[in-house]
Amino acid sequence: MHIKRAKDFKAGLIFIFFGIGSAAFSGTYQIGTSARMGPGYFPFVLGGVLAGLGLVIVLRSLSRGEGMRKARSFRAKPVVLVLSSVVLFGLLLRPLGLIFSTVILIIVSSMASDEFKKKEAILNAFVLLAIVLIIFVYFLKFQIPVWPSFLTGRI
Amino acid sequence: MELLSNLALGFQTAISPLNLFYCFLGVLIGTLIGVLPGIGPVQTIAILLPATFALPPVTALIMLAGIYYGAQYGGSTTSILVNVPGEASSVVTCMDGYQMALQGRAGAALTIAALGSFVAGCFATLLLAVLAIPLSEVAFKFGPAEYFSLMVFGLIGSIVFASGSVIKAVGMVVLGLILGMVGTDITSGTHRFSFGIPELADGIGFVPLAMGLFGISEIIKSLERKEKREVLKSKIMGFWMSKKEIRAAAPAVARGTLTGSLLGILPGGGVILASFISYMLEKRISRDPQSFGKGNIRGVAAPESANNAASQTCFVPLLTLGIPSNVILAMMAGAMIIHGIQPGPRVISSNPELFWGVIVSMWVGNLMLVILNLPLIGVWVKLLSVPYRLLYPAILLFCCIGIYSVNNNTFDIGLTAFFGLLGYTFAKLECEPAPLILGFVLGPMMEENLRRGMLLSRGDPSVFFTRPLSLAFLLMAFAMLIVIALPAIRRKREDAFHEEG
Numbered sequence: 017m018h019i020k021r022a023k024d025f026k027a028g029l030i031f032i033f034f035g036i037g038s039a040a041f042s043g044t045y046q047i048g049t050s051a052r053m054g055p056g057y058f059p060f061v062l063g064g065v066l067a068g069l070g071l072v073i074v075l076r077s078l079s080r081g082e083g084m085r086k087a088r089s090f091r092a093k094p095v096v097l098v099l100s101s102v103v104l105f106g107l108l109l110r111p112l113g114l115i116f117s118t119v120i121l122i123i124v125s126s127m128a129s130d131e132f133k134k135k136e137a138i139l140n141a142f143v144l145l146a147i148v149l150i151i152f153v154y155f156l157k158f159q160i161p162v163w164p165s166f167l168t169g170r171i
Numbered sequence: 240m241e242l243l244s245n246l247a248l249g250f251q252t253a254i255s256p257l258n259l260f261y262c263f264l265g266v267l268i269g270t271l272i273g274v275l276p277g278i279g280p281v282q283t284i285a286i287l288l289p290a291t292f293a294l295p296p297v298t299a300l301i302m303l304a305g306i307y308y309g310a311q312y313g314g315s316t317t318s319i320l321v322n323v324p325g326e327a328s329s330v331v332t333c334m335d336g337y338q339m340a341l342q343g344r345a346g347a348a349l350t351i352a353a354l355g356s357f358v359a360g361c362f363a364t365l366l367l368a369v370l371a372i373p374l375s376e377v378a379f380k381f382g383p384a385e386y387f388s389l390m391v392f393g394l395i396g397s398i399v400f401a402s403g404s405v406i407k408a409v410g411m412v413v414l415g416l417i418l419g420m421v422g423t424d425i426t427s428g429t430h431r432f433s434f435g436i437p438e439l440a441d442g443i444g445f446v447p448l449a450m451g452l453f454g455i456s457e458i459i460k461s462l463e464r465k466e467k468r469e470v471l472k473s474k475i476m477g478f479w480m481s482k483k484e485i486r487a488a489a490p491a492v493a494r495g496t497l498t499g500s501l502l503g504i505l506p507g508g509g510v511i512l513a514s515f516i517s518y519m520l521e522k523r524i525s526r527d528p529q530s531f532g533k534g535n536i537r538g539v540a541a542p543e544s545a546n547n548a549a550s551q552t553c554f555v556p557l558l559t560l561g562i563p564s565n566v567i568l569a570m571m572a573g574a575m576i577i578h579g580i581q582p583g584p585r586v587i588s589s590n591p592e593l594f595w596g597v598i599v600s601m602w603v604g605n606l607m608l609v610i611l612n613l614p615l616i617g618v619w620v621k622l623l624s625v626p627y628r629l630l631y632p633a634i635l636l637f638c639c640i641g642i643y644s645v646n647n648n649t650f651d652i653g654l655t656a657f658f659g660l661l662g663y664t665f666a667k668l669e670c671e672p673a674p675l676i677l678g679f680v681l682g683p684m685m686e687e688n689l690r691r692g693m694l695l696s697r698g699d700p701s702v703f704f705t706r707p708l709s710l711a712f713l714l715m716a717f718a719m720l721i722v723i724a725l726p727a728i729r730r731k732r733e734d735a736f737h738e739e740g
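Respectively, the protein sequence lines represent chains A and B. Residues 17 to 171 (my numbering) make up the first sequence, in order. Residues 240 to 740 (my numbering) make up the second sequence, in order.
Isolated chain A, as found in the complex:
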């Protein structure tokens, strides 16, 4: 089997995955009748439609298309570093507070760039930290933990 349009093929698979997932979970909720729709009715129908669309896209990607198009080069570094800097910030904000999580977010995310320079990233982190503390904590008074919880004793 030769897949002529890899992008459509994969997009179709994602749609089928979400469609079947939606329909399957909706089945566990009350479906109801068309006059009295239960919570499962609309998502069940939508899931079916999405899976159907996905199937059509997959089938079309197998038969039609202008030959193999070379996929653009994929680079793992930006994806992994940017996403993990965000996840880390989310995980560390409560236990470590805004100050430490900000510095970690800036340094980890800066490493994603090809032009990463260590000193510059650290400097950037502290400048941004100052801005954030002034704007969000001092002026806008956001309810956000600033210091680590083991210092403040709050969780």
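Keep in mind the hints are simulated off the structure, nothing from the lab. Even for Gly, the Cβ is constructed at its ideal location relative to N, Cα and C. Misleading hints may appear alongside valid ones.
Where chain B lies over chain A, by a calculated footprint (3+ residues, C-beta under 8 Å) [claimed, not checked]: (1) 39 to 46; (2) 55 to 65; (3) 70 to 77; (4) 117 to 127; (5) 134 to 147; (6) 152 to 164.
Since the structure of chain A is provided, determine the placement of chain B on it from the hints.
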């Protein structure tokens, strides 16, 4: 003259010192983020939304609206001076604007962009004021069937105006609708798709979804490309246009304003399409189409007027029918709900000072932009020399803090990362995220109206086809689908988006 007294009420609201200040702040921030590529009005409004909680609702909306149309101005400045569109809507402006700058006419290009936008803004404000009352009266006649069909029409519209494959755009809409179902079902109280996670019981937050799909994935995409930006070194000479330029630009501004106003009102349409179509129109009717792309002032005047007109008239469906027609308007709808105002036909009668105040503030804001922008261009250009490697960590940080502060929970930050990954994957697979967001916003409303409509008709689906207004919307939606499926038009649409991207 009801219109005049309404506008007078609006003026009173808009020129109160507090509102004037936040309007100014809004357009200033808007211009700033418009200048910077990689951060747009969607992320900015999401970040600043929690900061507006303390403000009165009118003031908050005036500021958020200011960010939106201010960004259109800022975007054009970078298009002209650096050939980097600060916003998607100013992509077209690059073609002739940058050429004018190379020929030493940067000042004239900036002036016509600002003045054209101002003229368009004035016209769109008036149009909004004239259309609002009759449209909202029509909206009162809407039953669930009409609302459902109108939303179908809007969603199909977002498919038509999305680039790339139509069937994938349909899939994105349906996926958006499904994501909108997550959370507690309002009728039965059942938790749907929440997988036992308490944070999901209230549904997926709009802010994490929008920030992930647009903000984070955009940053990753920019880091993959190796882009070089060159700031125009030469001085910007003379802001005045020659007589010849004025004569060429004036009719282009008028045409751009009309095109933009019309396309802005259409659901799913909006700013990007408006600027693009008006550019094509200018090129089509020009006696000298060869000169476009080589510094023709009409190629700047028309799209700049159009995108500004559209960015204002697209408030019409939101304020009169309660239906946001694009992503940013969906954010505005979210802001209104957070401030306790349900967008829809009732806004005009229940909060007249809010409605007219916001409309008039757009005119005031446009005036500020003209005054603000021309002298500040030097500052904006300098800002562009901040390298992206310093800028994007800052954007990520503001995103994260903004997301956390909406609900004070860290789960949403993780959710944003998840949608960032999803958005990046979809971008790689050439699936556009805009239809997904619109589906997500309209999903719960659509389900509610479908259920009510079917309950009233005792399960007979023909109700959607027998009520004339409902049938009209469905027919229009169907016609749009047929039109884009026609081979000739499909090819043109692909060309259009190809040039744009």
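Evaluation of the provided hints:
| no. | hint | in the structure |
| --- | --- | --- |
| 1 | 39 to 46 | holds (count 4) |
| 2 | 55 to 65 | holds (count 8) |
| 3 | 70 to 77 | holds (count 4) |
| 4 | 117 to 127 | holds (count 5) |
| 5 | 134 to 147 | holds (count 5) |
| 6 | 152 to 164 | holds (count 5) |
The earlier numbered hints are all upheld by this structure, with none contradicted.
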